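Visitor: Given the coordinates of chain U, work out where chain F should sit on it, guided by the hints.
Here the protein sequences line up with chains U and F, keeping their order.
Quick note, the first sequence lines up with residues 1 to 437 if you use the numbering used here.
Quick note, the second sequence lines up with residues 438 to 609 if you use the numbering used here.
Honestly, the hints are just simulated from the structure, not real lab data.
Since the structure is predicted, the reported quantities are computational estimates derived from the model, not experimental observations.
Hints should not be assumed to be uniformly reliable.
Some but not every residue of chain F turned toward chain U, in silico, with C-beta under 7 Å [as the list claims (entries may be wrong)]:
1) E579
2) A582
3) R586
4) E591
5) W597
6) Q599
7) P603
Have a look at the derived ranges for each label pair, beta carbon to beta carbon [to be verified]:
8) L392(U) <-> E521(F): 58 to 66 Å
9) G557(F) <-> T121(U): 31 to 39 Å
10) I144(U) <-> E518(F): 57 to 65 Å
11) G557(F) <-> G352(U): 37 to 45 Å
12) S471(F) <-> R398(U): 31 to 39 Å
13) G557(F) <-> V202(U): 28 to 36 Å
14) G557(F) <-> R199(U): 43 to 51 Å
15) R168(U) <-> E563(F): 54 to 62 Å
Computed footprint of chain F on chain U, listed as stretches where at least three residues anywhere in the stretch have a Cβ under 8 Å from a Cβ of chain F [unchecked claim]:
16) 93-102
17) 233-247
18) 328-340
19) 394-401
C-beta: ideal position from N, C-alpha, C; glycine also.
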Amino acid sequence: MHAGSEPGDRPNVDREEAADGATESLIRRRLKPRDLVRAIGPGLITGGADNDPAGIATYSVVGASAGFSQNWLLLLSTPLLVVVQQMSAKVANVTKGDLATVIRTTYGRRVAMPAVLLMVTASVVTMGADLLAMSAAVELVTHIRFIYWVVPLSALMAFVTIFTNYKRLARYLLWLMGVFAAYIVAAFLSRPNWTEVLRQTVVPTIDLRPSYLVAAVGLLGTTITPYLFFWQASAEIEERRGVQGIRRSRVDIVAGMIWSNVIAFFIIVATGAVLFSHHTPIVTAADAARALEPFAGPYASDLFAVGIVGSGLVAIPVLAASTAYGIGGVMGWRTGLGRTAVNAPQFYLVMGASFLIAMELAISSVDPIKALFYSQVLGGLSAPALIVLLLLITSSRRLMGDFVNGLPTQIIGWVAVAVMGGADVALVYTVATRGLP
Amino acid sequence: VVAGQLDQSHPVHGERLRIQFENGVLTLSGELPSQADIDNLLAEAEAFRPQGIDELRSELSVAETSDEEGVLVQTLLSAFEGPEQAGFAGSIVLGHIHVHAVRLLVVEPGQSLDGLLPVGFRTDAESALDEGRSLLILTVDEVVAFAARQVLEEETRSLWTQALPPQPAAAP
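Isolated chain U (complex conformation) (with noise of 0.2 Å):
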C-alpha cells in the first residue's frame, strides 16, 4: 500500500440496524408534507418536457386518425414510463454517474457510443421538429409564415439553454404548460361518448393496418423517449439527491409522469371528438388548434400557440441538454446546467451544435406536422435498446447493490422493452410489405 487507511469522522449510527446489512432499511423513513413539496423538482420538468409540441402534435395526431382506439397504449405506457424513468434516476442515485458515464464504465464506449448516438440523432431531429412547431404556432398568432420564425426561435431558445440558470427558469416555465389543463375542459365540452372512451382506453384494440401501427409506434415513443432516460439520470446528478433521497425522487417521478399522461389522454380525447368524428385529419398547426374550439371558440389558436410555445421552451432545453450530457458522458467531459459555459465548455459546444443541426432540419423541413410525428416515431424504433441497457444495469447486484430491481420492476421493464419492440417490428413489417402510410 502506498498510503495507509486513514479514518476520519466515525459515522453516528445505529451499529445494531447497520449490523444486518439492510442498506435500504436505514433509509426507509416516512415521507413528510415537507419532503413532499420538496420532492417536486426534475420529474416534473422530465413530465413536461414528455408533452413538448412533437408529443402534442403526436397526440393530436393520434387523436384525429385513430380516435380513441389508442387510448388503451397511453394507459399501458403509464406504468411503463413511471418504471423507466425511476430505474434512469436510480442509476445516478446509486452510482453517483449520468446513465452514459454509467454506460461506458460498465460495457465500454464501444456499447457507450452507438446507445447515446441512437438518443443523440432522435433528440436532435425532435428538436428540430419541436422548433418548426413553435413557429408554425407563432404563424397563427402573426399570420408571418412560419419559415421567417425558425432562425430568431432558435437563436431564442440556445440563448435561453446556455446563458440562463434552466433549473429555476423551468419551475416558472411549467405554469406555461398549464395551458393544456385546457384540453381537459375542451374534452369535456366536446362532449365525446364517455362510455366508447372509457370502454378504449381499458379493452385493448390490436390493428396492423400501417397507419395504425405508425400512429401506435409514435405515440409510444414520444411517451417512453429515450432522451428523458438521459436527462432524468442527469437531473438527479444536478440534484444530488443520492439513495437517500431514492423516495423523494419516486414521488417526483411519479407525480410528473401522470400529470404527462393525463393531459396527453385529454388531448387524444380532445382531438378525437372534435377531428377524427368528423373526419379532418390534421394537416396544419391550425387543424390542430382546433381540438380547442369547444373551450376557447376564436381564441383556440392563440391558447394552442401559447401552449405550443410554452412547452418548446419547458422541452428543447432538456432536449440539447441530453445531448450534451449524453455525448459528454462518453466522452468523460465535465458537464452540467448546473455550470457555467467557461466552466463547461465542450458540454455547452455540443448543446450549441445540437441547435445549429436542428434548426438547419428545421429550416428544410417541408411539412411540419409530419416532420414532428416521424421525429416521435424514430424515438419510438431507438427505445428499446436503451430500455434493456437500463434494465442490465438496475438489474445487477454488482453495481447497485441492495437498490438492485425488484421482481415487479424486472416485470414492468421487459413488459416496455416488449410492448415497444413488438410494434417496431410489426410497424417494420408492415411497412416493408406495404409501404409507408
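Guide: What follows is chain F alone, placed relative to chain U:
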C-alpha cells in the same frame, strides 16, 4: 481564482460560482455546500481588499440538502497511470469536498486486492494493475459521493472511475 493568484489552488466546489468585479465592488455568487465554505471564501476575498476592492458583496448561498450524513458510505474506485497521480488525486478530492475520508488507499501493481474490493469489482481493478496502473480506493460519506465522483472524473487524470453501491456507514 481571486485576484489572479494563478499559482495557488482554490479548492472551492459549488454550483454556478461566479466572481464579478465592477467599479470597485467584488461580487461573489453561487451555491456552496456549507456555511463554513461560504465563510472561508469570503475570508479569502476579504484578504484582497487592500488591492483595490472598495466593497465585498456576497450573493452566496448554502445548497439545499435534506440528506443525513453518517448514515451510508460509498466507495469509489479510480485507475491512474501511477501511484503519485492516484495519491495526488485523493488529496484533490478531499480538498474539494472538505471532508475526511472513511478510507483512502492507493494500490500499486503487484499488491493484492484481497479484502479491499468485492469480487465483482476486482476484474477491472486487476486488469488495471496488470497493465502497470495504480488504483485509488476512496470511501466517503454517501452524501458527498456525488461531488467526490465528479471531481475524480473531471478534475483529476483518472483513466476510469467506478462507484461501489452505498453501504451502511458502520460497515464500510
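Visitor: Taking the Cβ atom of S471(F) and the Cβ atom of R398(U), is their distance within the range 31 to 39 Å?
Guide: 33 Å, holds
Visitor: The hint says 37 to 45 Å between G557(F) and G352(U); measuring C-beta to C-beta, is that right?
Guide: 40 Å, holds
Visitor: Between the stretch 93-102 of chain U and chain F, are there enough contacts, at least three residues with CB-CB distance under 8 Å, for the coverage claim to hold?
Guide: holds (count 5)
Visitor: With 58 to 66 Å as the target window, see if L392(U) and E521(F) comply at their CB atoms.
Guide: With a Cβ separation near 36 Å, L392(U) and E521(F) fall outside 58 to 66 Å, so the hint is violated.
Visitor: Note whether the CB distance of G557(F) and R199(U) lies within 43 to 51 Å or breaks it.
Guide: 50 Å Cβ-Cβ, so the 43 to 51 Å window holds.
Visitor: With 54 to 62 Å as the target window, see if R168(U) and E563(F) comply at their CB atoms.
Guide: 46 Å, violated
Visitor: Does the stretch 394-401 of chain U contain three or more residues whose Cβ lies closer than 8 Å to a Cβ of chain F?
Guide: Contact hint for the stretch 394-401 of chain U vs chain F: holds, 5 residues under 8 Å.
Visitor: Hint Q599(F) vs chain U: min CB-CB distance below 7 Å?
Guide: 5 Å, holds
Visitor: Against chain F, does the stretch 328-340 of chain U show at least 3 residues with beta-carbon separation below 8 Å?
Guide: holds (count 6)
Visitor: Look at the Cβ atoms of I144(U) and E518(F) and judge whether their distance stays inside 57 to 65 Å.
Guide: 59 Å, holds
Visitor: For the range 31 to 39 Å, tell me whether the beta carbons of G557(F) and T121(U) fit it or not.
Guide: For G557(F) and T121(U) the Cβ distance comes to about 33 Å; the hint holds.
Visitor: For the hint on E579(F), does the least C-beta distance to chain U fall short of 7 Å?
Guide: 6 Å, holds
Taken one by one, the earlier hints fail for this structure at numbers 8, 13 and 15, listed in ascending order.
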